[in-house]
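Novice: So the chains spell out like this:
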Amino acid sequence: MSSAAIVYFEFVGIYILLVWAMYLPFRGGQLYNGPFYCMAIGAYTAGYAARDLHWPTGLALLLALVIGAITGFLPSLAFSRTTGIVTAAASLALIFIIQAIIRNAEFVGGGQGYWSIPRMGYLPIIIWVSVLLVGLFIYRIDSSRIGRALEAMRTDPALARTLGMNLPWLSVFVMTVASVIGALAGVFYAFTIRALTADSFGFTLLLNTMAMLFIGGRYTMWGGIISVPILWGLPTWAPSLVAPYVNMVIGALLVIVLVVRPEGFVSREMIESLKIRVGSRLRHRGEEST
Amino acid sequence: MESIIAQLIDGLARGSLYALIVVGLTLLLLVRGVVHFGFPYIVVMTAYLGWMVLGLTNNNLLISLPAFVIIGIILTVATEPLFRPLAQKRAFLETLVLGQGIAIIFTDIWSHFFLHGQLVAFPSNIAAGGGRIRFGMIYFTLADIYALVGGLIAVGILLYFLYRSKQGRAIRAMAQDLDIARSLGIPFNKTGLVGFGVAGALAGIVAIAIAMILEAINPGIGDALAVKALVLMLFAGMGNLMGGLVCALMLGVVEAMAQALMPGRWTEAITFGVIMLVILVRPNGVFGSRA
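In order, the protein sequences belong to chains L and C.
Following the numbering used here, the numbering of the first sequence begins with 6 at its first residue and continues without gaps.
Following the numbering used here, the numbering of the second sequence begins with 6 at its first residue and continues without gaps.
Check each hint, because a few of them may be wrong.
[To be verified] Derived coverage of chain C by chain L (criterion: at least 3 residues anywhere in the stretch with Cβ under 8 Å from a Cβ of chain L; other residues may be distant):
(1) 88 to 94
(2) 183 to 193
(3) 223 to 236
(4) 278 to 285
Because the hints were derived from the structure by calculation, they are not lab data.
Source: prediction; values computed, not measured.
Don't be surprised by glycine CBs; every beta carbon is placed ideally from N, CA and C.
So that you can see chain L by itself, here it is in the shape it has in the complex:
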């Protein structure tokens, strides 16, 4: 495989993780931007541990996840009290705060950026195994009691509360898990690019991830799996005349999807009907063989 193709696969994995990190709190109706802040923390922690502390990359990854979990847990205690637009806008502030801290932190290069991060062996394989594991985890959550509780929280919080659900703790749980996934994406980002700046974790990243989540379909975890590879491949696959304007195309797609098909490309109904169709075909085959 060419190196460009490997980088493409690595980035598709990283962005699928990010989209899932946004998807999980959104299951409970929360548009939470904390994962991006933890992505920056995870990337810088892993980079610093591997380059300056000379830790093995695997250990650096673990450290970044632990720090990501702690720094994700703390703000989630406050954000579990808020809902809707308040969570969406106030958690934006986390991104600007961490960017300012990075720009002022001289030991990680400050405004100059942080360079020459060591390589991680078998990176593409590690990324995709992680995507698989995180995917399985989210699939389990989706079809468990927690998933149903999140669904209730999104559609009718008052009813969910009367049914005895502890919504603040549910929020803390999904926001912390989302933050750890964000930190994981950050670690992989650091080892893929091997050079970090505060601007890498800014508003542009947020807008692109949001576009991927909403174009793919934000009510199911499969949306990102469809939208990320297509949108990441756009710059290479689009005709050379369109390729420089790929962001414009992504913006236009986002607007069109929200106006014409607000639930996104992959909807919950689509997945359900697919499950039923596949299930009946399997049953049919089973009957034929007996």
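Fit chain C to the supplied structure of chain L, relying on the hints for placement.
Specialist: Same frame as chain L, now just chain C:
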């Protein structure tokens, strides 16, 4: 002391810029129940197109200034049909993301088609309001005065429109209860278009203020204005016009003071940190919610 007065004037001028954008966003929130995150980007787009008109007319202000307002109205009204389906479904968060889609498109347009994303400077007859004033050590531009006075007049006219005119009453009725307003015969589409038109005129005025106060623009300015305006709107309390105005002016002053008095690049972190904490403690904003 003198330098503090100069910073105060500068801060108030910047604050009035934020205030006008927050007022526009609040008006759109009232008229359609949408968080039009694309509105600040429309303002900047108007400034870019206005800069083109200035170039084409040899910096003729008599033609260019009305052109700013007309461009603002056209761009804002053009986005109204996009928000209509989501507004009818009351999909609040989705309108925020739709605005972000508009943001991506506009930012990419500026990066490609206006001096390839480099700084676009406004000509001297509009930048700084055409002149600078000096009282001893106090030094400010005519634009600071224009922005403050113009901002006050624009908000005054808007308040008169909202609270005294028939259309304004229709908008406020729709903001309170869409279903009852519709059953009373208030036209959903027409009222929305009028509201977007008024916000568009405001966008044109803010674009002129940007040309005068900031004197130059680059593609990154849309993000900075949009995030500040959104956070300010929440800080003041969603749908609270006067609260938004006061908070915006305050932010302008705090920013100008922080730039003068605080070392390093901590201003943004501290401003956003304080705003976030206040929002978390009082999710309905410091002035509560009226919408």
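Novice: Go through the numbered hints given earlier and state which of them the structure violates, listing their numbers in rising order.
Specialist: As far as the earlier hints go, only 2 is violated by this structure.
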